[in-house]
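> Just so you know, the sequences run in chain order A and B.
Counting from 2, one number per residue, gives the positions in the first sequence under this note's numbering.
Counting from 11, one number per residue, gives the positions in the second sequence under this note's numbering.
Where hints are given, some of them may not hold.
Label-pair distances were calculated between CB atoms; the ranges are [unchecked claim]:
no. : chain 1 : residue 1 : chain 2 : residue 2 : range
1   : A       : Asn397    : B       : Asp48     : 31 to 41 Å
2   : A       : Glu568    : B       : Gly58     : 34 to 44 Å
3   : A       : Thr676    : B       : Ile44     : 30 to 40 Å
Just so you know, the hints here were simulated from the structure itself, not pulled from any lab data.
Glycine is no exception: its CB is placed at the ideal position from the N, C-alpha and C atoms.
Here is what each chain is made of, one letter per residue.
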Amino acid sequence: MSDELDEIQAIFFEECAEGLVTAEQGLSAMQAGDVSAEVIAGVFRAVHSIKGGAGAFGHADLTAFAHKFENVLDEVRGGKIPPSPGVVKVMLSAFDILTDHVESAKGLAPRPADEAALAALEQVLANKGADDGAPAPAPAPAPVAVEAPAAPAAAEEADEFGFVPMAVSLDDFDAPAEAPAADAAWIVTFKPSRAALANAGEPLLIIRELETLGAEIVAVDTETVPPLRDLDPEDAYFTWTLRVPGEVAEGDINDCFDFVAPDSLVEVRRDEAPAPAAAPVAEAPAADTGADEFGFVPVSAPIEDFAAEMQRVVETIAAASPPIGSVETPSIAPKAGGDAAQQTIRVDLGKLDLLLNLVGELVIRNSILADRLSPADRQRVELPELARLTRQIQDNVMSLRAQPIKQAFSRVPRMLRDLSVETGKTINLETYGETTEVDKGVIEKIGDPLTHMIRNAADHGLESAEERIAAGKDPAGTIKLSAEQRGARIFVRVQDNGRGINRERVKAKAIEKGIISPDAVLSNEEIDQLICAPGFSTAETISNISGRGVGMDVVRSNVEALGGRVEIHSVPGEGTTFTMILPLTLAILDGMIVRLAGQRFVLPLAHVLETVQPEPGQVKRTSPDSEVIDMRGEYVPVKRATEIFGLNDDRAVEDSLVVIVESEAHGKVGLVVDTIDDRREVVIKSLDQNLHPIRGLGGATILGDGSIALILDIEALVASTNRYTPKGMAA
Amino acid sequence: MTDTNDNAGTDRKIVTFSLAQQTFGIDMRALIEIREWDEPTPLPNVPGFIKGVTNLRGNVIPVVGLAERLGWEPSAIHARSCVLVVNIAGKQAGFLVDEVNDIVAIGETEIQPAPEVETIEPSVIAGLVRIATRQKDGTRDEKGTMVLLLDLDALSLTKHLDLAA
Numbered sequence: 002m003s004d005e006l007d008e009i010q011a012i013f014f015e016e017c018a019e020g021l022v023t024a025e026q027g028l029s030a031m032q033a034g035d036v037s038a039e040v041i042a043g044v045f046r047a048v049h050s051i052k053g054g055a056g057a058f059g060h061a062d063l064t065a066f067a068h069k070f071e072n073v074l075d076e077v078r079g080g081k082i083p084p085s086p087g088v089v090k091v092m093l094s095a096f097d098i099l100t101d102h103v104e105s106a107k108g109l110a111p112r113p114a115d116e117a118a119l120a121a122l123e124q125v126l127a128n129k130g131a132d133d134g135a136p137a138p139a140p141a142p143a144p145v146a147v148e149a150p151a152a153p154a155a156a157e158e159a160d161e162f163g164f165v166p167m168a169v170s171l172d173d174f175d176a177p178a179e180a181p182a183a184d185a186a187w188i189v190t191f192k193p194s195r196a197a198l199a200n201a202g203e204p205l206l207i208i209r210e211l212e213t214l215g216a217e218i219v220a221v222d223t224e225t226v227p228p229l230r231d232l233d234p235e236d237a238y239f240t241w242t243l244r245v246p247g248e249v250a251e252g253d254i255n256d257c258f259d260f261v262a263p264d265s266l267v268e269v270r271r272d273e274a275p276a277p278a279a280a281p282v283a284e285a286p287a288a289d290t291g292a293d294e295f296g297f298v299p300v301s302a303p304i305e306d307f308a309a310e311m312q313r314v315v316e317t318i319a320a321a322s323p324p325i326g327s328v329e330t331p332s333i334a335p336k337a338g339g340d341a342a343q344q345t346i347r348v349d350l351g352k353l354d355l356l357l358n359l360v361g362e363l364v365i366r367n368s369i370l371a372d373r374l375s376p377a378d379r380q381r382v383e384l385p386e387l388a389r390l391t392r393q394i395q396d397n398v399m400s401l402r403a404q405p406i407k408q409a410f411s412r413v414p415r416m417l418r419d420l421s422v423e424t425g426k427t428i429n430l431e432t433y434g435e436t437t438e439v440d441k442g443v444i445e446k447i448g449d450p451l452t453h454m455i456r457n458a459a460d461h462g463l464e465s466a467e468e469r470i471a472a473g474k475d476p477a478g479t480i481k482l483s484a485e486q487r488g489a490r491i492f493v494r495v496q497d498n499g500r501g502i503n504r505e506r507v508k509a510k511a512i513e514k515g516i517i518s519p520d521a522v523l524s525n526e527e528i529d530q531l532i533c534a535p536g537f538s539t540a541e542t543i544s545n546i547s548g549r550g551v552g553m554d555v556v557r558s559n560v561e562a563l564g565g566r567v568e569i570h571s572v573p574g575e576g577t578t579f580t581m582i583l584p585l586t587l588a589i590l591d592g593m594i595v596r597l598a599g600q601r602f603v604l605p606l607a608h609v610l611e612t613v614q615p616e617p618g619q620v621k622r623t624s625p626d627s628e629v630i631d632m633r634g635e636y637v638p639v640k641r642a643t644e645i646f647g648l649n650d651d652r653a654v655e656d657s658l659v660v661i662v663e664s665e666a667h668g669k670v671g672l673v674v675d676t677i678d679d680r681r682e683v684v685i686k687s688l689d690q691n692l693h694p695i696r697g698l699g700g701a702t703i704l705g706d707g708s709i710a711l712i713l714d715i716e717a718l719v720a721s722t723n724r725y726t727p728k729g730m731a732a
Numbered sequence: 011m012t013d014t015n016d017n018a019g020t021d022r023k024i025v026t027f028s029l030a031q032q033t034f035g036i037d038m039r040a041l042i043e044i045r046e047w048d049e050p051t052p053l054p055n056v057p058g059f060i061k062g063v064t065n066l067r068g069n070v071i072p073v074v075g076l077a078e079r080l081g082w083e084p085s086a087i088h089a090r091s092c093v094l095v096v097n098i099a100g101k102q103a104g105f106l107v108d109e110v111n112d113i114v115a116i117g118e119t120e121i122q123p124a125p126e127v128e129t130i131e132p133s134v135i136a137g138l139v140r141i142a143t144r145q146k147d148g149t150r151d152e153k154g155t156m157v158l159l160l161d162l163d164a165l166s167l168t169k170h171l172d173l174a175a
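Just chain B, same shape as in the assembly:
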């Protein structure tokens, strides 16, 4: 566990998904479940990226358009659209993403800090990591893909809404 040199590749698991032609990743530990897209109940008086609320086994959870939240064009809803339900500091929220790709293990040491100019809110991107992607035929593309790791705490709705309110 402590020796990152030997098993640098299995430190942490992330879920990768695509959004606005980019590949993003979030820490597997924060993920509660992945749901199919279901039109949520819209809320009044909230920022546009909050699509509404939905019923997660008796809990009322907000559904966030992650693309808008990150400053991209809103996602178009299609058959593979889905909602990642995550836990951020004890609160649950659903993030609408274009498609869930994979679960991969990465090493802490492989993560590079994000260049600050890349996003509207620099703190939202926790870092960049290159992963080997699985091809349709099952082989691995050794060139790999760059994944933008999201910092969920920075995406906390409570924080953001306090400013909006």
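Next comes chain A alone, as it looks inside the complex:
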């Protein structure tokens, strides 16, 4: 029984996560200057539904905070509080606290200290109140109110005030210049969603409720009513404009609309011309008994308009050539519009994985079948058709797992806001290519590396404002986060316009830490790579942000575990770019089938530069256990995978092939293989699913004949006997 509740609660938290993403996107858009009603309403709905769910599950703290936040959003949505940068900033920090509250409700975090954020929200609300009367003095008491709760707050909570004071700065609140007279009447515009009736959102009830507040219908817009033959009596078409007496609280009006369908239009504003007079009298209670049998609400339109509309309808009917009897009864017609919108369902990821596995099997069976048929049969239409269909199924299943990388990027803005407070640096974030689609598994696994890269950029990459000014740069630093797809790889870049890597210091540090020997001669790129060595940290003082010396090492090992690599590009004084190059999917690999001592292995094609058949003398020994190959004058180290794997191999190198591969840590390396059998895409099966990861192997795959080929892990193979091996130290 409690299991069931847990399940529902789990769904609630999933929805919370989605709501938070929506809210953050909306708030970010607002911060960037897009304060359209649509964006604001989106944020409001997200927070509103979190509040609703939280209430249902008894998360009192979350509910209370979301409620306050929602109040502010509601006022912003209603145009009562201008969405000025200061207000948006308050809402962004409120959003951060809301996120913490959700985590706390999940039991993953302690209850956040929300006093400061609540006070800031309260302040924004209070300021609005001041607008109605005399806007000028309003900001004066503001800082007092904000500082008041600061006194009892703990030291680190005080940090949060870094955001707050901006919310109440004077110029944030000068927007509503046309401060309306205190009791100007409210003008309420209400256009229910088309599907309101189907969703039990009977507009009549809402209008009646408004009427209990003293509302009068001013006008009904019937423009959207279609000709009779197209009319669906179960749809709602009208837009009502109502006048509500000015002394009614705005909250009471909004309460009437608590349960309208989400895509309904609701606008509440003060009447700019406060002369209500007798205008609405004429049209008031015209048709209260009207069209009830159609299922829609009585029309209280101006009589003339209504008559004109009737006239139009009659004309339309007359114009329609088929006799009325044969006109399709519109009531049975399927509902158009809203329902056709994108429909999604939640699917357990495990089911998708199973499906992917089965499809992989299907592909394999398909090629087994092809191998067993005679060449003549293979040419028949059915087999290529089957292969094509199988391939399409595979592509489609793969696409089911693809998600926009936005999901991984979504936590970055929050992180930067925190970092900006911690470091005292002003940091602008620019994001590109958020819609790039990547396999779900990749998205899940790049979160940590991305966090480290961003922290690294904010802490080490960007200089302090003073340093930046001294260097003639914009005092605010910029971090660019971008994603793009190139072929079967995804490039995720974190670029800062900071000081760049100080190579002298990096090298000195690496020598000090014993990572390289003092007389090592390294290229700039090799020095940059040292940042990724385990136990390396150049921060002079260890900060709690990124000074523990684990960051970039974690980035590199995580990315490599995904079959990707990290590239570092740095220009002193101009900034550093970290690029994660990731496979599009974790499930399929473009590989070369090679033989080592007769056994088949898969070499990931992404690493392969070229293949050579060595001439006699082209491969030379440089020591009893190291060899090089002369590649057009360039000496490239040669490794024998057979030796690394302990396989028996007495084949002369001249009878073998040397595959030149590009490795991240060690540049070009030649691998000796017997032969190359084939090139094909293989479905990656992890070895640790039933066994344990094995050094030198990236997994296994099942070939067309049902046998298994092991997938080589180039980085691990190449690193296995090298001069300095950062990876080896970790093992």
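For this one, chain A is given, so just place chain B on it according to the hints.
Only chain B this time, still in chain A's reference frame:
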């Protein structure tokens, strides 16, 4: 179910098999299937008792020489050699055995603890149980045979490989 005195003989089903002239047993519930021996794909950098990996309906599963794993001489491959595919804590593995004998029901109460000196890794043997064996003519040999019950969890590859790695 709870009254072990009345139906002590039907508490649990085990699969018995021979290995290095001994009779072993594993819990029937862990068994996924029994396969014919098929040379697996050898793996580098693994302990010698891991013979390699094989394809079980799209899953890559390790094949273990159970004799070596338990410290006996490696099994010679012959016509009746087969692989018991088992599930150990959610992971699948194949165990090479000399011959599968029978499926028998035993009672929980019939199991005796294993004397600690008998094996290199005492925890691998969960207990001893005496069963009546079927003769070639179909009659039962009442004297019975001693079966060494294996504790599969102790045979988990992940555990062992963590130490080896």
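> That 34 to 44 Å hint for Glu568 (chain A) and Gly58 (chain B) (C-beta), does it hold up?
holds, 40 Å
> Is the hinted range of 31 to 41 Å satisfied by the C-beta distance from Asn397 (chain A) to Asp48 (chain B)?
Cβ of Asn397 (chain A) to Cβ of Asp48 (chain B): about 33 Å, so the range 31 to 41 Å holds.
> When you take the CB atoms of Thr676 (chain A) and Ile44 (chain B), is the distance between them in 30 to 40 Å?
holds, 36 Å
Hint check: no violations occur; every hint is consistent with the structure.
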